[in-house]
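> Now for the letters of each chain:
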Amino acid sequence: MSFFGFDTSRHNPAATGFSQAHNPFAGLSNREDEGDALEFEDTYDGLGDQLDETGDAFNDDTFGDTTVFESKPVGKDFDFFNTTAKVANAIEEEHVRFTRQQPTARSSQTVPQAAAPAAFQHHAPGSSSYGHYSQLPPSKPARTGYEKYSSEPVAELQVDAALWGVAPKKQTQAAVPSASPAPMAAAPARKILSLEEVEAQMRAQAKKTSQQATPSPAPPVAAVPSGSQTQVPPMHYDQAYQFAQHGQPAQHADTTGHDQGAPAGHGHPITILQRPTSKPAASPQPPTQPAAHARQQPSGPIHPTQILQNPNRLSGDAARVGMHQQSPHGSYPGHPIHRQQGSFSQQPQIITHPSQLSQLNEEEKAAYLDQEAKRAKRNHKIFLMSRDNGIMTPQDKSFVTRIQLQQLVAATGNPNEHGTDESLTEDFYYQVHSQIQGSQRQNPNQPLNNFAQTYLYQTGSRQGGMRRHHRGPENHMQRMEQQVQRAVEAAKNKPKNKQLVIEGSLGKISFSNAKTPKPLLNIKRAENPTEAHRPSSAHRHIDHVGDRKSDLRSIESIYTTLMKMEDHDRVMPPPPANDADTEAIQTFVAWNSEAQILNNQLWESLRIHDHPDNGVVHPFIILLSYTKGMKAMQRVSRHLTHEQRTTILTLILVNLDSLDVVRGAQVTPDSPQPNAAMRENVELFIVAVMSTLFNILNELDLDLVAGMLGLVCSRNVDVIAKSRVGASMLTMILSRAEIIKHGGGGSEQAWHSWDVTHTQFFDLIEPSLPHTFPGPVTTSDDIYVWQLLAALGIGASPDQQQRLVLAVKDRVMDTVALSKTLPQDLAAQRLQNVNLFMRSIGLDVELLQ
Amino acid sequence: MLFFSFFKTLIDHEVTVELKNDIQIRGVLKSVDQYLNIKLDNIQVLEEIKYPHMSAVKNVFIRGSVVRYVHLPANAVDVPLLEDATRREAANQAGKGK
Numbered sequence: 001m002s003f004f005g006f007d008t009s010r011h012n013p014a015a016t017g018f019s020q021a022h023n024p025f026a027g028l029s030n031r032e033d034e035g036d037a038l039e040f041e042d043t044y045d046g047l048g049d050q051l052d053e054t055g056d057a058f059n060d061d062t063f064g065d066t067t068v069f070e071s072k073p074v075g076k077d078f079d080f081f082n083t084t085a086k087v088a089n090a091i092e093e094e095h096v097r098f099t100r101q102q103p104t105a106r107s108s109q110t111v112p113q114a115a116a117p118a119a120f121q122h123h124a125p126g127s128s129s130y131g132h133y134s135q136l137p138p139s140k141p142a143r144t145g146y147e148k149y150s151s152e153p154v155a156e157l158q159v160d161a162a163l164w165g166v167a168p169k170k171q172t173q174a175a176v177p178s179a180s181p182a183p184m185a186a187a188p189a190r191k192i193l194s195l196e197e198v199e200a201q202m203r204a205q206a207k208k209t210s211q212q213a214t215p216s217p218a219p220p221v222a223a224v225p226s227g228s229q230t231q232v233p234p235m236h237y238d239q240a241y242q243f244a245q246h247g248q249p250a251q252h253a254d255t256t257g258h259d260q261g262a263p264a265g266h267g268h269p270i271t272i273l274q275r276p277t278s279k280p281a282a283s284p285q286p287p288t289q290p291a292a293h294a295r296q297q298p299s300g301p302i303h304p305t306q307i308l309q310n311p312n313r314l315s316g317d318a319a320r321v322g323m324h325q326q327s328p329h330g331s332y333p334g335h336p337i338h339r340q341q342g343s344f345s346q347q348p349q350i351i352t353h354p355s356q357l358s359q360l361n362e363e364e365k366a367a368y369l370d371q372e373a374k375r376a377k378r379n380h381k382i383f384l385m386s387r388d389n390g391i392m393t394p395q396d397k398s399f400v401t402r403i404q405l406q407q408l409v410a411a412t413g414n415p416n417e418h419g420t421d422e423s424l425t426e427d428f429y430y431q432v433h434s435q436i437q438g439s440q441r442q443n444p445n446q447p448l449n450n451f452a453q454t455y456l457y458q459t460g461s462r463q464g465g466m467r468r469h470h471r472g473p474e475n476h477m478q479r480m481e482q483q484v485q486r487a488v489e490a491a492k493n494k495p496k497n498k499q500l501v502i503e504g505s506l507g508k509i510s511f512s513n514a515k516t517p518k519p520l521l522n523i524k525r526a527e528n529p530t531e532a533h534r535p536s537s538a539h540r541h542i543d544h545v546g547d548r549k550s551d552l553r554s555i556e557s558i559y560t561t562l563m564k565m566e567d568h569d570r571v572m573p574p575p576p577a578n579d580a581d582t583e584a585i586q587t588f589v590a591w592n593s594e595a596q597i598l599n600n601q602l603w604e605s606l607r608i609h610d611h612p613d614n615g616v617v618h619p620f621i622i623l624l625s626y627t628k629g630m631k632a633m634q635r636v637s638r639h640l641t642h643e644q645r646t647t648i649l650t651l652i653l654v655n656l657d658s659l660d661v662v663r664g665a666q667v668t669p670d671s672p673q674p675n676a677a678m679r680e681n682v683e684l685f686i687v688a689v690m691s692t693l694f695n696i697l698n699e700l701d702l703d704l705v706a707g708m709l710g711l712v713c714s715r716n717v718d719v720i721a722k723s724r725v726g727a728s729m730l731t732m733i734l735s736r737a738e739i740i741k742h743g744g745g746g747s748e749q750a751w752h753s754w755d756v757t758h759t760q761f762f763d764l765i766e767p768s769l770p771h772t773f774p775g776p777v778t779t780s781d782d783i784y785v786w787q788l789l790a791a792l793g794i795g796a797s798p799d800q801q802q803r804l805v806l807a808v809k810d811r812v813m814d815t816v817a818l819s820k821t822l823p824q825d826l827a828a829q830r831l832q833n834v835n836l837f838m839r840s841i842g843l844d845v846e847l848l849q
Numbered sequence: 001m002l003f004f005s006f007f008k009t010l011i012d013h014e015v016t017v018e019l020k021n022d023i024q025i026r027g028v029l030k031s032v033d034q035y036l037n038i039k040l041d042n043i044q045v046l047e048e049i050k051y052p053h054m055s056a057v058k059n060v061f062i063r064g065s066v067v068r069y070v071h072l073p074a075n076a077v078d079v080p081l082l083e084d085a086t087r088r089e090a091a092n093q094a095g096k097g098k
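Those protein sequences? They're chains A and B, same order as listed.
Sequential numbering from 1 applies to the first sequence in full-length UniProt numbering.
Sequential numbering from 1 applies to the second sequence in full-length UniProt numbering.
In short, the hints are calculated from the structure, not lab data.
Treat the hints with caution; some may be incorrect.
What the hints assert, rightly or not - In silico DMTMM-like cross-links for lysine to aspartate or glutamate, where the CA-CA straight-line distance does not exceed 25 angstroms: (1) K628/A to D33/B; (2) K628/A to D84/B; (3) K374/A to D396/A; (4) K631/A to E83/B; (5) K30/B to E14/B; (6) K374/A to D388/A; (7) K377/A to E363/A; (8) K39/B to E14/B; (9) K39/B to E426/A; (10) K549/A to D84/B; (11) K564/A to E14/B; (12) K374/A to E363/A; (13) K631/A to D78/B; (14) K58/B to D33/B; (15) K30/B to E699/A; (16) K631/A to D84/B; (17) K628/A to E89/B; (18) K741/A to D781/A.
From just these sequences and the hints, can you work out the full model?
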């Protein structure tokens with residue numbers, strides 16, 4: 001259309017529809033340039049040349065300013081949409097007017113495309129809009145609305161919907177503009193709608209009224225020849241359209257038997273259509289052709305809108321269909337028929353709503369429009385909600401969910417692998433702690449499981465809700481779980497590139513992950529065998545005598561072995577039920593041999609069989625001078641055999657006076673209490689080691705107990721007796737013998753050796769007895785001495801008892817005296833301690849008071 | 001993971017978290033993650049006079065990196081177990097470092 005030289009500067013480039021994908025006119029302008037021009041060439045009979053070019057006079061009304069009319073080339077992108085919108089009101093007026101003069105208008109409507117360039121130009125808005133429609137599915141109103149709404153506020157649509165619902169009549173009458181709040185941008189879209197509907201209405205009304213020959217004030221009406229009706233065959237309508245569209249009056253004349261109208265006549269109806277009032281000059285030339293056409297319209301049964309079709313929009317299929325239908329009715333030039341038939345075949349869809357609308361009664365109309373309004377509302381809602389639709393595909397969503405779950409599983413551990421070695425190494429404290437605190441949580445896995453389950457369930461239900469029809473939430477949840485498992489498996493199997501090694505660097509940087517959130521710098525260690533086996537007991541043979549560091553390291557190796565053994569115990573297979581189960585037997589044997597190896601390791605790391613040089617304390621005894629060495633004893637003894645345990649007890653007794661807690665905690669009358677650190681050590685030794693030794697001792701027979709006592713006799717009994725640990729140890733041995741005696745155990749021979757040893761021991765300890773008490777008599781913490789005295793007294797002969805009393809008489813009397821000055825409860829406590837001894841020799845403190 | 005593992009056992013115990021800005025918050029440990037971010041419930045700031053803006057706060061989420069100390073309830077800590085766990089952790093790290 002550039003040949004019209006439109007003023008492109010006048011149109012609003014920012015307006016809706018301009019340079020948008022859906023701009024119905026952008027494409028049209030191009031097509032009209034090419035397709036229509038070609039069409040024109042093919043079919044143009046030169047009538048246009050006879051046209052009065054003054055038809056251009058109204059261009060400025062339609063397209064705006066005339067002053068710049070020819071000054072600028074229009075270009076191919078002229079925005080008909082907006083330009084037309086500027087004269088929206090005028091066009092609307094036209095429509096209103098047009099409804100009153102349908103017959104003429106009808107006829108004039110048919111002509112436009114046949115007219116000279118000027119006429120064509122006039123019709124550009126209409127034709128282009130229809131061209132647009134022809135590309136669209138039947139639900140045109142909604143569709144057109146959307147194109148507008150996509151760039152307009154919500155309110156706009158609601159207003160429109162209201163129009164549909166409230167003022168349906170109005171709209172069909174094309175009276176919409178007054179109700180429209182949107183100034184410029186809104187108008188075009190509505191225009192399209194109203195144009196179409198108006199035309200549909202026109203057609204419908206034309207049907208009704210053409211028979212009645214409704215009088216119209218407009219000049220064309222008067223010019224309508226009534227005679228043409230009779231001659232018209234049913235197909236005339238189509239032909240008329242063909243004529244109208246291609247400007248081939250000759251064909252039309254053939255079928256209708258009408259005279260061809262003057263070329264000018266073809267142009268005039270257009271002007272009548274658009275501006276009946278503003279162009280009085282057109283009225284004097286009523287074209288016979290259009291008028292006749294209008295009269296014939298009723299006979300064209302179903303497809304009134306065909307006129308409106310832009311011939312260039314036809315699809316090949318449609319054209320073919322049209323051809324078949326058309327062919328029986330006579331010979332027409334192939335090309336035009338194609339065009340026309342194509343539009344014909346499309347036409348029923350297009351009119352569906354509007355044309356039927358006009359045929360309905362008021363109630364039906366209202367109901368229909370009401371429904372239409374609802375539909376528009378709903379569509380709009382969907383549209384609003386669907387704004388973000390498709391941003392994430394289902395695959396994206398599932399991908400994200402999978403990553404989240406994977407992270408979750410990685411952070412909390414796979415619910416399925418609790419209790420396994422891996423989770424124990426990573427989460428040892430928590431796992432074991434929760435097992436120990438079992439009463440609080442029945443199942444240590446519970447919190448984690450719940451955690452993971454919660455997430456899995458949520459995901460499942462959410463997805464399930466969305467696609468309820470496809471699969472239940474349960475299924476989906478299972479699927480998700482499987483997915484997570486697979487993902488975790490894959491993540492495990494995949495060689496992780498979790499470290500960055502920079503060329504020439506000493507170490508590597510490991511990336512953070514859920515388990516080690518802080519990136520670490522790992523310094524590469526030199527691979528040397530000693531280092532490699534550091535945690536094991538491999539370097540136990542390295543002798544660092546008296547080296548605290550190496551002592552501690554030895555203890556650590558004990559612990560390491562202990563933990564290995566404990567882990568090994570956990571995987572202990574059930575003992576084979578019968579001899580036939582070879583596999584079970586094999587497993588059990590393998591486990592046993594492994595346990596044996598570990599046991600040997602532990603035994604060696606205890607260094608029991610080391611034989612230090614003279615004057616050097618045995619390494620095992622040194623281990624017992626460290627806190628953690630003492631603490632290890634209980635656990636160690638659990639993993640040792642009976643013989644091994646006895647060996648340990650023997651070793652300790654043999655070295656009793658070299659024990660740190662014995663040597664360093666001697667009681668003297670001057671400094672009653674050892675220092676605080678030693679006191680703590682003593683306490684710990686009693687708790688950790690003595691109890692173990694007590695258990696060991698309780699397993700022993702009398703001969704062994706006698707042997708133990710003999711061993712003690714070979715040591716410095718005085719030193720032993722003057723320490724709390726030593727005294728307790730002696731008490732332990734003596735009382736064990738006494739218990740065996742009460743139980744009736746022990747052979748005659750054993751008892752005999754015991755008596756011998758006991759006498760020897762008594763002789764050794766007797767001189768030390770008065771000095772075994774810690775500090776002066778005011779020191780309350782002397783119960784262990786009384787226990788020792790009691791143990792001695794029970795097993796003593798009357799003579800020995802006498803000597804005992806003599807040895808500790810002073811202490812007894814002092815304590816009794818002191819107790820009188822003490823508060824009631826303290827006094828009772830002290831007297832009770834004394835009584836332990838007194839009763840063992842058949843006396844009572846009561847006798848002394 | 002040792003600390004994470006350890007703090008998990010303190011869930012539902014009352015702890016005092018000392019932040020690097022000297023605020024001490026006592027509350028029931030509700031949750032901890034691998035970053036040692038901490039969630040406390042029923043909190044109470046120890047020097048409330050000094051930090052009046054905290055008096056209305058009932059629960060907090062503390063980013064792990066701003067924690068200076070966590071004062072533990074001694075009776076909720078299994079020391080020998082913790083020692084063993086530490087040994088294991090050390091062994092793990094030694095194993096990984098190689």
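> Tell me the hint numbers this structure goes against, listed in increasing order.
Violated: hints 1, 3, 11, 15 and 18.
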